[in-house]
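Participant: In case you want the letters, here they are:
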Amino acid sequence: MSGIVRYEGAPFVARFGWYAGELMEKFVKSLAEKKLLATRCPKCGYTIVPPRIRCVKCYTKLGEENLVELSGKGKLLSYTVVHTIPDGKGGFTDLDKPVLLGAIKLDEADSTIFAVLGEVEPEKLVEGLEVQVVWREETKGELADIAYFKPVG
Amino acid sequence: MGLRVAIVGYGQTRFEWDAEKTREEMVFEAARKALEDAGIDREDVCTVISASTDFLDGRTISNCMLIGATGAYLKDESKAEEDGMLAALYALERLLSGTHEIALVTAHTVSWTFNPHQVSVYMLDPLFDRQNRYLYDISIAAIQAKLYMNRYDVSEEQIGMVSVKNFRNAAMNPFAYMKLPDITLDEILNSKVYAEPIRELTMAPVCDGACSVVLATEEKVREITDNPVWIEGVGNCADVYIRDRDLSRLNSLQVAARKAYKMAGVTDPYREIDVVELTERFAHQELMAYEALGLCREGKAKNLIEAGLTEIYGDIPVNPSGGAMAGDAICATGLLRLIEAAKQIRGEAGRYQIDGAEKAVAHAQWGLAAQKNVVFVLGGEV
Numbered sequence: 001m002s003g004i005v006r007y008e009g010a011p012f013v014a015r016f017g018w019y020a021g022e023l024m025e026k027f028v029k030s031l032a033e034k035k036l037l038a039t040r041c042p043k044c045g046y047t048i049v050p051p052r053i054r055c056v057k058c059y060t061k062l063g064e065e066n067l068v069e070l071s072g073k074g075k076l077l078s079y080t081v082v083h084t085i086p087d088g089k090g091g092f093t094d095l096d097k098p099v100l101l102g103a104i105k106l107d108e109a110d111s112t113i114f115a116v117l118g119e120v121e122p123e124k125l126v127e128g129l130e131v132q133v134v135w136r137e138e139t140k141g142e143l144a145d146i147a148y149f150k151p152v153g
Numbered sequence: 001m002g003l004r005v006a007i008v009g010y011g012q013t014r015f016e017w018d019a020e021k022t023r024e025e026m027v028f029e030a031a032r033k034a035l036e037d038a039g040i041d042r043e044d045v046c047t048v049i050s051a052s053t054d055f056l057d058g059r060t061i062s063n064c065m066l067i068g069a070t071g072a073y074l075k076d077e078s079k080a081e082e083d084g085m086l087a088a089l090y091a092l093e094r095l096l097s098g099t100h101e102i103a104l105v106t107a108h109t110v111s112w113t114f115n116p117h118q119v120s121v122y123m124l125d126p127l128f129d130r131q132n133r134y135l136y137d138i139s140i141a142a143i144q145a146k147l148y149m150n151r152y153d154v155s156e157e158q159i160g161m162v163s164v165k166n167f168r169n170a171a172m173n174p175f176a177y178m179k180l181p182d183i184t185l186d187e188i189l190n191s192k193v194y195a196e197p198i199r200e201l202t203m204a205p206v207c208d209g210a211c212s213v214v215l216a217t218e219e220k221v222r223e224i225t226d227n228p229v230w231i232e233g234v235g236n237c238a239d240v241y242i243r244d245r246d247l248s249r250l251n252s253l254q255v256a257a258r259k260a261y262k263m264a265g266v267t268d269p270y271r272e273i274d275v276v277e278l279t280e281r282f283a284h285q286e287l288m289a290y291e292a293l294g295l296c297r298e299g300k301a302k303n304l305i306e307a308g309l310t311e312i313y314g315d316i317p318v319n320p321s322g323g324a325m326a327g328d329a330i331c332a333t334g335l336l337r338l339i340e341a342a343k344q345i346r347g348e349a350g351r352y353q354i355d356g357a358e359k360a361v362a363h364a365q366w367g368l369a370a371q372k373n374v375v376f377v378l379g380g381e382v
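Protein sequences appear in the order of chains A and B.
Final position of the first sequence in our numbering is 153; the numbers increase by one with none missing.
Final position of the second sequence in our numbering is 382; the numbers increase by one with none missing.
Isolated chain B, as found in the complex:
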């Protein structure tokens, strides 16, 4: 990248269930915190990109009523459907085009508006797959988990270890919804089964929340902060619909990661990356992501989790914040990974801070069985 862009501010609401706030209040809170964190006013923002999904908001053109909440009134404003990390990508592209200097990105989901798992049915091909009432995000993820487990001889215990790690990490995160500091593998493996092997505690708990980041181009960055988090690389890739995809691999994540690493000059992620924040909508997807992100060879993710290498104290900590398991506010979940990665580099992650974190990877996914994946590589001031 010739022009450089950095994250100069962030903010989030506490993730919770049945939030007694309007959607607009929630987004306002996150956006305001991000602007305060950056130390700028809403007048300084040139472009505003929000992320939400009409189906989850229960209204169409769901960004319309957010104009006030994000300070986008009479400004350049747009919306990215799906995850907030795609809104960040959209904002990044606008800044790199040279037309804007400061962008505000927000994302939110209020899960209690309507069950997101029910909404997942609307991602299915209406003419064939939607006629099958047993097919929805969880049963599709279950089929994916089985394929992955079968291919590399991965056990339910090894998948459960991801949940144990992330729920325990979440207990140190003041904004997390699901905090289970004393959770055991036994409890994970005995939780309610939805579709084998997916259980209540091997899927990310849906919840309500909003988050927001401020991005700026280099010249503005120098005026705003001494502690910028630079976007060093980015990759985005979408795979085909579930019927024609190899569900046992996250191929689109692998492509996205390679693009991002190439741009950032990362050649050996295991050694060069200090911390990873990824979107594990289901626990097995975290293991699949280790491989797609190049943290280990194919089929070896189970060794990373068993050896504790992705724990906070490990060689390559993954999801020290608790990841999506800490609370999945659908559209906000991936953007929050970007915030958590930035937090680590700024040394502001509190009890789950990774000492000396200088380079971080953040990941977001969207679609059935993670059809679409986005990867950001972030780095501190050198």
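In isolation and in its complexed conformation, chain A is listed as follows:
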């Protein structure tokens, strides 16, 4: 490194907090009961997961009455095998074991969600594969309740 001294960070850690919004809060809390919620637009039918208060396609206002429960099953649209991720400090870290990351279209929904795939070898992955959610042992109403997705059956 040259004569430039790297600045080692601000004297605070930015632990951002956000207001999740009523529907998102419901989504997260319902995970405790192993439920996946989405909002279905009454006007165009587009179904958004995680739920939002405006339809992303036609801007219709959505509320609690538009919440629908999903089956937790879906189809694999695409996937990647992740070998390397950012290390949080400005570098990269190589994973000991590559992780399968899927783009999943949940049945009854239109959004794509991105989730880790488990109980499957990369060679078995193919677009269109039917997958289902696997919950962690004890669900607490946190996003981490969704452990991963695995092939159906």
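Mixed in with the good hints there might be a few duds.
Unchecked claim - DSS-like mimics (lysine-lysine), calculated; alpha carbons at most 25 Å apart, straight line:
{"no.": "1", "chain 1": "A", "residue 1": "Lys89", "chain 2": "A", "residue 2": "Lys43"}
{"no.": "2", "chain 1": "B", "residue 1": "Lys192", "chain 2": "A", "residue 2": "Lys89"}
{"no.": "3", "chain 1": "B", "residue 1": "Lys21", "chain 2": "A", "residue 2": "Lys97"}
{"no.": "4", "chain 1": "B", "residue 1": "Lys75", "chain 2": "B", "residue 2": "Lys33"}
{"no.": "5", "chain 1": "B", "residue 1": "Lys372", "chain 2": "A", "residue 2": "Lys105"}
{"no.": "6", "chain 1": "A", "residue 1": "Lys57", "chain 2": "B", "residue 2": "Lys259"}
{"no.": "7", "chain 1": "A", "residue 1": "Lys57", "chain 2": "B", "residue 2": "Lys372"}
{"no.": "8", "chain 1": "A", "residue 1": "Lys57", "chain 2": "A", "residue 2": "Lys97"}
{"no.": "9", "chain 1": "A", "residue 1": "Lys105", "chain 2": "A", "residue 2": "Lys43"}
{"no.": "10", "chain 1": "B", "residue 1": "Lys359", "chain 2": "B", "residue 2": "Lys302"}
{"no.": "11", "chain 1": "B", "residue 1": "Lys79", "chain 2": "A", "residue 2": "Lys124"}
{"no.": "12", "chain 1": "A", "residue 1": "Lys89", "chain 2": "B", "residue 2": "Lys302"}
{"no.": "13", "chain 1": "A", "residue 1": "Lys140", "chain 2": "A", "residue 2": "Lys26"}
{"no.": "14", "chain 1": "B", "residue 1": "Lys192", "chain 2": "B", "residue 2": "Lys259"}
{"no.": "15", "chain 1": "B", "residue 1": "Lys359", "chain 2": "B", "residue 2": "Lys192"}
{"no.": "16", "chain 1": "A", "residue 1": "Lys29", "chain 2": "A", "residue 2": "Lys97"}
{"no.": "17", "chain 1": "A", "residue 1": "Lys61", "chain 2": "A", "residue 2": "Lys105"}
{"no.": "18", "chain 1": "B", "residue 1": "Lys79", "chain 2": "B", "residue 2": "Lys33"}
{"no.": "19", "chain 1": "B", "residue 1": "Lys302", "chain 2": "B", "residue 2": "Lys372"}
{"no.": "20", "chain 1": "A", "residue 1": "Lys35", "chain 2": "A", "residue 2": "Lys61"}
{"no.": "21", "chain 1": "A", "residue 1": "Lys150", "chain 2": "A", "residue 2": "Lys75"}
These aren't lab readings, by the way, just hints derived from the structure by calculation.
Chain A is fixed; fit chain B onto it per the hints.
Facilitator: What follows is chain B alone, placed relative to chain A:
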């Protein structure tokens, strides 16, 4: 456009890694070169627009300290977040409003300040996607690449050919950071995997750099230069967040291109455009862009690259400068495409000059899996 606007000057720093310059020195160098190239003084500039991203600068309101570097002191000044081509669009709109006659546009990024790929995590929805530690720009681009490859039966080799072409082109570019004149497809396909199929050599190498352009309205253009590069068309379009987008297509680029072509009166881009400079943050995105830009039909981009039609000697050269693969100084990368396109029209591209280039397209992207796209159509004096 009733009022016409042209590019009358440009400048850039050499793109490099661990640049031993302050951000301000870098921006000053690019801005000064652009003014010198235009043959004007800073007093002649009416409005200054810079482009940078606070997260990448590691400071908020990151344009504040650039006022000196860009000569914007006590002038009309503003900042565009994201790519410099959006700053150029902003400047163009100010000139077209009739309130200003000459605009200076600058963009910069110092990538070693903090890893831009880490920063990409902050583009994710914090409440859901950011909880997934494997999701970041590269893994999302990998999912996009797979979707595209699957839809049109595109191979990793065909994607690798984009890297080979651009790295070799970059070797002729004196300002490029990544010059690999002897790179082979084998080396590309054996480079380190980040997220399959994205490898070290199928993504644009992040680096440090700044660039700058001077825009002027027609009356001023006549006073400044005999060799203006006219902005004939422009289009800008943003798609939705990754969860609700068809990642296998660059729909927003297609919309932006159509708008720009319509304004410029381009009906058959393959025949009418002489050279394209586009932002391929990942190699597969160059192929996707061929289709969205209307250079070929959907799914046929692989044929263009295989047949060498987008090589410097091809029918429709794409990224003769090396594109983003030559060095990705994030916010400066798209604005640099505008400069490279202008260079071609002015006949100043040196070893990668396309003979007789009269009409050029420049493209910039921003966001995860190219959520936002901007297209400029440029033309020479007729």
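Participant: Compare the structure with each hint and give your call.
Facilitator: Right, here's what the structure says about each hint:
no. : hint                     : verdict
1   : Lys89(A) with Lys43(A)   : 45 Å, violated
2   : Lys192(B) with Lys89(A)  : 20 Å, holds
3   : Lys21(B) with Lys97(A)   : 39 Å, violated
4   : Lys75(B) with Lys33(B)   : 20 Å, holds
5   : Lys372(B) with Lys105(A) : 23 Å, holds
6   : Lys57(A) with Lys259(B)  : 21 Å, holds
7   : Lys57(A) with Lys372(B)  : 17 Å, holds
8   : Lys57(A) with Lys97(A)   : 38 Å, violated
9   : Lys105(A) with Lys43(A)  : 21 Å, holds
10  : Lys359(B) with Lys302(B) : 24 Å, holds
11  : Lys79(B) with Lys124(A)  : 49 Å, violated
12  : Lys89(A) with Lys302(B)  : 38 Å, violated
13  : Lys140(A) with Lys26(A)  : 13 Å, holds
14  : Lys192(B) with Lys259(B) : 39 Å, violated
15  : Lys359(B) with Lys192(B) : 38 Å, violated
16  : Lys29(A) with Lys97(A)   : 31 Å, violated
17  : Lys61(A) with Lys105(A)  : 23 Å, holds
18  : Lys79(B) with Lys33(B)   : 20 Å, holds
19  : Lys302(B) with Lys372(B) : 23 Å, holds
20  : Lys35(A) with Lys61(A)   : 23 Å, holds
21  : Lys150(A) with Lys75(A)  : 11 Å, holds
The structure is inconsistent with the numbered hints 1, 3, 8, 11, 12, 14, 15 and 16, although it conforms to all the rest.
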